[in-house]
Amino acid sequence: MSVDKRLHERKFVRTFFTTPTAEQGEDDSAKKLRSAIGLRGMQAPDVWVPDNEDATAPNMRDEGAENIADVVAEDGEEFPGEIHPRVVWHRDSPQTRYKCFQHMLEIADPKNGAVENIDGFVIPEVGDLDDWKKADEFMTIVENEYGLEEGSLAMSVIIESGTAELEMGRLRDEIGKPSNNLERMFLLVDGEVDYTKDMRAITPTGALPEWKELRHNTSRAASAAGLIAVDGPFDDIRDVAGYRQRMTENQAMGQLGIWSLTPGQVVEANKAPLPPEKGYWLIDEDGEEVELAAEDGVQQYVGDKISLEADGDEYHLTVGNDTHVLSHEELQTELVDLTAYVPSLDDIVDSMEEFEAAKEAGKGAIAMTRATTVSIDGVEVDISSDRMWDEATYQALQTPITLFQDVYDNRPDQHDDLAELYGEDVVNRANEVGN
Amino acid sequence: MSVDKRLHERKFVRTFFTTPTAEQGEDDSAKKLRSAIGLRGMQAPDVWVPDNEDATAPNMRDEGAENIADVVAEDGEEFPGEIHPRVVWHRDSPQTRYKCFQHMLEIADPKNGAVENIDGFVIPEVGDLDDWKKADEFMTIVENEYGLEEGSLAMSVIIESGTAELEMGRLRDEIGKPSNNLERMFLLVDGEVDYTKDMRAITPTGALPEWKELRHNTSRAASAAGLIAVDGPFDDIRDVAGYRQRMTENQAMGQLGIWSLTPGQVVEANKAPLPPEKGYWLIDEDGEEVELAAEDGVQQYVGDKISLEADGDEYHLTVGNDTHVLSHEELQTELVDLTAYVPSLDDIVDSMEEFEAAKEAGKGAIAMTRATTVSIDGVEVDISSDRMWDEATYQALQTPITLFQDVYDNRPDQHDDLAELYGEDVVNRANEVGN
Amino acid sequence: MSVDKRLHERKFVRTFFTTPTAEQGEDDSAKKLRSAIGLRGMQAPDVWVPDNEDATAPNMRDEGAENIADVVAEDGEEFPGEIHPRVVWHRDSPQTRYKCFQHMLEIADPKNGAVENIDGFVIPEVGDLDDWKKADEFMTIVENEYGLEEGSLAMSVIIESGTAELEMGRLRDEIGKPSNNLERMFLLVDGEVDYTKDMRAITPTGALPEWKELRHNTSRAASAAGLIAVDGPFDDIRDVAGYRQRMTENQAMGQLGIWSLTPGQVVEANKAPLPPEKGYWLIDEDGEEVELAAEDGVQQYVGDKISLEADGDEYHLTVGNDTHVLSHEELQTELVDLTAYVPSLDDIVDSMEEFEAAKEAGKGAIAMTRATTVSIDGVEVDISSDRMWDEATYQALQTPITLFQDVYDNRPDQHDDLAELYGEDVVNRANEVGN
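First to last, the protein sequences are chains L, P and C. Counting from 1, one number per residue, gives the positions in the first sequence under the numbering used here. Counting from 1, one number per residue, gives the positions in the second sequence under the numbering used here. Counting from 1, one number per residue, gives the positions in the third sequence under the numbering used here.
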């Protein structure tokens with residue numbers, strides 16, 4: 001196979017949803033855990049994280065560990081995603097690390113009946129790989145103590161220090177050494193708030209820096225070690241557009257999933273990496289891409305930053321402050337440059353099937369044509385562009401389909417949502433193509 | 001403690017000010033050194049660098065080494081910052097490295113009376129860590145020769161090659177090995193001019209590339225090895241706004257300090273990372289953030305890229321070319337999104353005290369509210385937004401306070417400037433909070 | 001010398017041009033190879049890559065290997081660039097790697113008469129350095145089998161996995177070890193299509209992400225190991241402006257060359273890194289740099305985003321939506337900030353000669369003045385700015401000259417093009433300066 005193999009069942013993790021494990025002053029301190037474990041369908045995350053670290057007050061964490069065991073013992077079997085509690089840890093504190101060990105012993109104790117539905121643990125605040133190995137060793141001891149297979153508990157880490165950022169790039173060299181079980185590694189999750197502290201970064205308003213290099217480096221390390229990269233929390237829960245934009249950026253850098261703080265964010269993050277139901281056209285409006293309105297196969301521009309006027313054989317096209325006088329052919333070329341098509345799931349399946357048929361007929365590369373009519377200020381222009389597909393293009397563009405198939409295989413509780421979104425026929429074809 | 005410990009007294013270095021060590025044709029070739037060592041207060045840098053490399057002509061450098069010893073022997077005791085001369089070095093030239101050794105022997109010779117006020121040396125043009133270790137070894141020999149404690153002379157390096165950029169990420173693995181004294185490492189300083197040459201980069205106008213990745217990687221290496229990252233020289237001395245913008249960018253990526261070429265730049269760079277005396281509001285004016293004018297608690301927008309009109313129950317808000325028709329509540333939401341508050345030192349202390357009080361009262365997270373009235377085209381709108389603070393937020397936003405306290409503890413000569421800027425009361429509270 | 005030495009004759013490679021090696025259904029399956037090997041002058045690349053991997057159908061590759069040997073045996077002697085065939089390889093497939101070995105044995109077999117004009121091989125889809133070493137070992141065996149000097153065949157790799165991106169940073173540590181011949185390393189070429197697949201990145205339109213960090217890391221690794229960084233293919237062959245912009249970006253990050261898919265792209269890429277024949281002025285038009293029109297030594301602004309009006313002693317300068325009221329001196333300062341000069345080859349040679357003369361006269365740094373008259377809306381303003389040049393500036397700005405000299409030395413077939421472009425006199429001076 002052409003991609004470094006990932007060692008876990010899931011090839012993609014869209015959502016990493018954290019829930020406090022114990023809250024003071026409630027009748028039932030585990031109330032939020034009980035609510036979260038009941039989530040199904042698009043509201044249920046790919047990975048659910050009972051959070052016995054930052055989301056839970058320090059003096060409630062022993063009770064939190066018990067709550068995790070209780071709630072997962074009761075309802076874990078039915079939960080559609082994986083369950084990976086976050087435990088306490090700190091590279092600079094042996095005391096916190098011992099607490100981690102105690103909480104893992106509690107949560108995984110077979111007497112509590114939860115462990116068969118605990119998929120692994122999330123370790124925050126890791127430092128260098130020697131520090132990661134200490135957590136790995138505790139898991140190995142827990143597994144042996146309780147008769148579990150060595151390496152069966154997955155380990156995910158939060159990258160929230162410059163040290164961890166550097167060291168994750170060396171993970172590939174360490175996995176497989178006889179004195180560790182780092183094959184258990186699963187997710188690399190960025191934790192930008194603590195990372196900002198560790199880097200001593202300051203912004204005037206206190207907003208988080210973008211940390212693009214961190215996100216790139218996390219994706220790259222995940223690729224090299226067969227893991228999955230996940231972005232940290234997006235604090236402004238109201239800002240759905242911002243959350244979506246962050247996910248679009250993340251996907252373009254190989255960050256496959258994102259933290260979610262609410263079931264509403266889970267829904268957004270479960271849907272965001274899936275192709276849209278209907279394709280649509282974009283136009284570059286002086287630096288910003290906006291959607292064209294499709295009407296009877298014509299793509300209408302309704303903004304006021306682009307204008308077009310026909311003047312005999314010539315066209316006056318204005319974008320922002322720049323006006324070009326163009327022939328019909330030059331106008332077509334210009335509009336091809338300004339526009340782009342976002343394919344639907346159906347479109348992607350069509351293109352893949354077309355390429356597969358060509359390949360069977362002995363062709364290594366074919367031109368895929370995309371044509372439409374664009375209307376600006378009432379002037380309609382037919383445009384058409386070709387893109388060459390070869391095996392590499394095919395494979396690179398297959399990622400959304402691989403994602404779709406991974407979701408379909410692992411999340412039967414989302415089948416209805418997918419069928420409703422795309423229609424049964426498209427869902428079936430998307431499951432067949434590329435296999 | 002939660003941040004990798006730095007091994008030196010200063011946790012922050014805002015300013016790295018270089019001065020030529022010997023100039024031909026002057027009555028006193030050390031004239032500039034004598035002038036620089038007399039700087040005090042905001043004009044005096046955190047780290048002063050008598051520059052016996054690029055700033056001084058090659059044939060004047062032996063005299064330069066003597067000048068450093070003379071001037072520091074005479075006035076070093078009174079100088080308020082640290083003193084770290086830059087000596088010659090090159091990864092590709094054993095001859096230059098031998099010269100470095102000779103100059104260090106001269107400058108640190110106890111007979112010359114300067115060494116008790118020499119805090120360390122700056123080594124330019126380093127290559128891989130084996131090269132850094134050669135400089136470290138010379139310092140060890142110098143220390144032994146002169147009866148100084150091993151490791152007592154700090155070593156800072158200029159990162160000006162791709163090799164050094166790669167290797168600084170491995171420093172953490174090498175510090176502490178028995179055959180070196182790399183615990184002496186202090187600053188990682190980017191040198192973009194020579195780095196540009198090493199990378200063979202070309203820009204049409206000859207302007208320096210931004211090298212964002214280099215700056216990120218330097219900050220990260222500093223974080224991982226307990227050091228401090230400093231950005232290189234900003235050549236356009238007239239361009240104060242550009243220098244400030246560079247520092248704002250740097251601080252958002254964890255570069256704590258910057259090179260200064262003049263006392264005027266030192267003043268700017270000493271002040272830049274400190275919070276402002278008065279808080280103020282920003283508004284996003286179609287992609288660019290501008291300051292609102294505060295008048296009697298109302299934030300006035302005076303530009304012409306945003307306009308607002310009330311029309312019965314509706315509001316017409318235009319940003320750039322986009323007009324939105326909004327209800328009063330939608331307008332408030334939109335304005336909350338467009339605006340941001342830059343807190344003063346006083347504001348930051350207030351927020352920290354408020355969180356500390358909440359923590360003592362047993363709360364793990366509290367909402368901090370920020371409210372004001374925004375006025376656009378005479379239409380006034382009250383806005384208010386909440387931000388959740390938990391322990392991680394508190395710690396991440398503590399960095400400017402830690403910086404302030406580090407400055408206060410180490411730079412008594414700036415106490416008057418700080419009191420004048422912020423007032424005694426705020427200064428006192430800022431020194432208490434978080435301890 | 002001050003830059004890590006590169007181990008090959010070429011210090012720069014502008015162009016990496018791939019050609020399919022065998023096509024079905026043609027009378028002569030090697031037709032495209034025969035056409036490409038006939039290219040001369042600006043149409044001929046610095047490195048020509050008969051592509052026996054992705055550009056050639058899998059079932060045609062054995063024939064492709066034979067075609068390479070045939071065509072290079074016949075016409076390789078006359079070809080003005082280097083010849084580095086791309087062979088098959090994959091980090092995850094021993095079968096593909098064995099095929100690579102067989103194809104190299106075929107192409108380099110002295111009986112086929114091509115090997116004296118084969119400069120090396122390009123290995124795609126490499127993984128970690130242990131994988132690179134397997135390819136190196138096959139080349140060593142081929143060299144021994146055929147009586148060639150060990151290490152005489154260059155090895156270039158395509159970086160198209162996160163693993164390879166990480167590992168190239170360690171190359172410097174491995175080159176020179178007794179059990180490999182990695183001194184043969186030559187080019188590090190980014191392969192963004194397969195890299196996108198490996199990183200599982202998704203963009204809505206299927207466009208390639210920018211992968212700026214990958215490109216930076218490739219340049220840095222090339223700098224550290226004495227190699228040359230080359231960017232991957234630019235698919236949209238029609239889009240010459242886009243190709244040029246990509247090259248400008250690349251050069252600013254130390255990527256010296258770029259892949260070319262057509263002789264037209266080769267011409268563009270051979271010319272792009274060379275300084276222009278005539279210098280010109282740029283003005284920053286509210287965020288976008290545009291060229292000023294030179295007329296009798298006056299630089300005319302002809303756009304509509306900047307306007308200027310004289311009003312008695314005052315000037316009203318409007319940039320975008322911002323109007324400033326300025327004195328004449330303030331106006332000059334503002335225009336110096338807004339403008340920049342792109343020097344011609346002639347200008348660069350002048351400046352270098354001027355600095356060299358000053359250095360001989362004992363000066364370490366001199367101010368270079370650039371002056372002109374700018375005209376906006378009929379108002380003419382004289383502007384003048386100084387830039388300090390020291391040895392470091394000189395060396396950093398020497399890169400385009402070093403490139404020019406490298407081209408001149410290695411590509412006699414382009415002498416006529418260069419003379420036509422710049423004039424004999426400038427060509428001669430550019431060949432002398434800095435030596």
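Any given hint might turn out to be false.
[Unchecked claim] Taking lysine to any residue and the SDA-like style, the derived pairs with C-alpha atoms no more than 25 Å apart in a straight line are:
| id | chain 1 | residue 1 | chain 2 | residue 2 |
| --- | --- | --- | --- | --- |
| 1 | C | K278 | C | L261 |
| 2 | C | K363 | P | G76 |
| 3 | L | K271 | C | P204 |
| 4 | L | K177 | C | D239 |
| 5 | L | K305 | C | L274 |
| 6 | C | K305 | P | T205 |
| 7 | L | K134 | L | Q102 |
| 8 | C | K212 | L | T248 |
| 9 | L | K359 | C | K212 |
Keep in mind that the hints were calculated from the coordinates and are not lab data. Every value quoted in this text rests on a predicted model; they were computed, and no experiment measured them.
Hint check results:
A distance of roughly 29 Å separates the Cα atoms of K278/C and L261/C; the hinted pair therefore is violated under the 25 Å criterion. Between the alpha carbons of K363/C and G76/P the distance comes to roughly 30 Å, so the proposed pair goes past 25 Å and is violated. A C-alpha spacing of about 13 Å is found between K271/L and P204/C, which places the hinted pair at or below 25 Å, so the restraint holds. Proximity of K177/L to D239/C is assessed by CA-CA distance (about 49 Å); at most 25 Å being required, the pair is judged violated.
Distance restraint check for K305/L and L274/C: the Cα-Cα separation of roughly 37 Å exceeds the 25 Å cut-off, and the hinted pair is therefore not satisfied. Of the pairs offered as hints, the one joining K305/C and T205/P holds, with about 22 Å between alpha carbons and a cut-off of 25 Å not exceeded. Restraint check for K134/L and Q102/L: satisfied, since their Cα atoms lie roughly 14 Å apart, inside the 25 Å limit. For the given pair, K212/C sits about 17 Å from T248/L by alpha-carbon distance, which is consistent with the 25 Å threshold.
Among the hinted pairs, K359/L with K212/C is inconsistent with the structure: their alpha-carbon atoms are about 33 Å apart, more than 25 Å.
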